[in-house]
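A.B. asks: Protein chains in written order, with the numbering used here: chain A, 7 to 197; chain B, 7 to 197.
To be clear, the hints were calculated from the coordinates, so they are not data collected in a lab.
Note that the coordinates shown come from a computational prediction; the quantities given were computed from them, not determined experimentally.
Fair warning: there could be bad hints in the mix.
Chain copies aren't distinguished; within one or between two, either way the pair holds.
EDC-like mimics (lysine to aspartate or glutamate), calculated; alpha carbons at most 16 Å apart, straight line [claimed, not checked]:
#	residue 1	residue 2
1	132	146
2	58	108
3	131	118
4	58	106
Number of protein chains: 2
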Amino acid sequence: MDISGLRVMGIDPGLTRCGLSVVQAGRGRSILPVSVGVVRTPSGAELTDRLKRLNVAVREWMADYSPDVVAIERLFERGNVSTVMHTAHAVGVLVLAAADRDIPVHMYTPSEVKKAISGNGRADKKQMTAMITRILGLTEAPKPADAADALALAVCHCWRAPAIMRQEAVAQASRERAAQRGRGSTQLKGI
Amino acid sequence: MDISGLRVMGIDPGLTRCGLSVVQAGRGRSILPVSVGVVRTPSGAELTDRLKRLNVAVREWMADYSPDVVAIERLFERGNVSTVMHTAHAVGVLVLAAADRDIPVHMYTPSEVKKAISGNGRADKKQMTAMITRILGLTEAPKPADAADALALAVCHCWRAPAIMRQEAVAQASRERAAQRGRGSTQLKGI
C-alpha cells in the first residue's frame, strides 16, 4: 500500500519539554524531514497555564503543517509519580488537539519505536539518534533527546502505516459484508 | 473571609464516567446544591473521540453554570494502569477547559476530601454519601457514586476556600511589599 505524501506528526509528550516533529513519507521506505522542535512550559507555572500553553503550541503546529496522522508515545507508569501524571495530563490535551481537527492518533510504546527504527527493542539513545539521523539524511544529529524521540515516533508510524492501513481495509470490508448480509435478511423478512 | 455566592464546580474525573457538580456557598458554612450529573463516554470508542466528547460536555457545563473555581480529584497511581492513564488524560482535557475560561483549579486527594467532609480521612462511601446528602439538604442520596464524589469535592473546596484565600492574600501582600521595596531602591539609584 503506497503511503507516499503521508504527513506524520510525531509527539514525545511532556509538560516541561514536549518533542514535536513532522515528516513526510516518500517512495518506498524513504522519509523526508519537514520540521522538528521542542515546546517547553515553565515548571514553576500553574498546571492550568502549562496545559493551555502546550495546547496552543501544538494547535499552531497542526495548523502550520496539516499532518494526516499523529504518532504519540504510549505511557506506562515508571519513574516519578508526579512526572508521569503531568505527562499523562499533557497527552490528554495533545490528543484533544488532534481530535478537534479529526486527525487520527496512533500510540506506540518506546520499545515498539526502537524495534521499528533499529530492529532492536532495547536500542540505546545513541543508537536511535544515529539511525534517525541516517534515515532522514540529516546533516547533524537532532537535539535535544525529546526532538529525536519525536522524529523516531513519526518514522515508526510511516513504516507501520502500510500494515495498519491493510488491516483497516480488511476490517472495513468485513463490516461492509456484514452490513450487506444484515440488509439481505431484513429484506427476506419483509417478503 | 466571606465566600458567600462563590460557585464551585466539583469534578470526579474519568473517561467512562466523569462526575460533575456545581454548588454555591451560602452564609457561614451553608452550601446550596446547583446541579449534579455524570458524563459518560463509550468504552469501545477511540481515545480521541472520548476525550473530545468529555471536553465538549465539561465546556457546556462551564458555559451553563459559570463556576468561579474548579475542584478536581488529585490522581495517584493505583489500580489498573490503563484506567489510571485514561483518567489522567481526562484530567488534562478537564483542566484545559477550565484554563481556557481562566477558571482557577484546585486539586484534592480523596483523603483530603473525606477529612474535610466527615472529619475522617478514611470514611467509607456510605458515610460520605450520608454526609453530603445532609450538608446539601438533599431529599435523597446522590447517585451514582461519581456524582456524590463530585459534590464532595465541591463542598470540600467551599470549606477550604476561606483559608486558601487568606493564604493567597498574605502572599499577594508580601509580593506587593517586595515590589514597593524594589521600586524604592531603583529610585534611590536614580538620584
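A.B. asks: Going back to the hint list, which numbers does this structure go against?
C.D. replies: none
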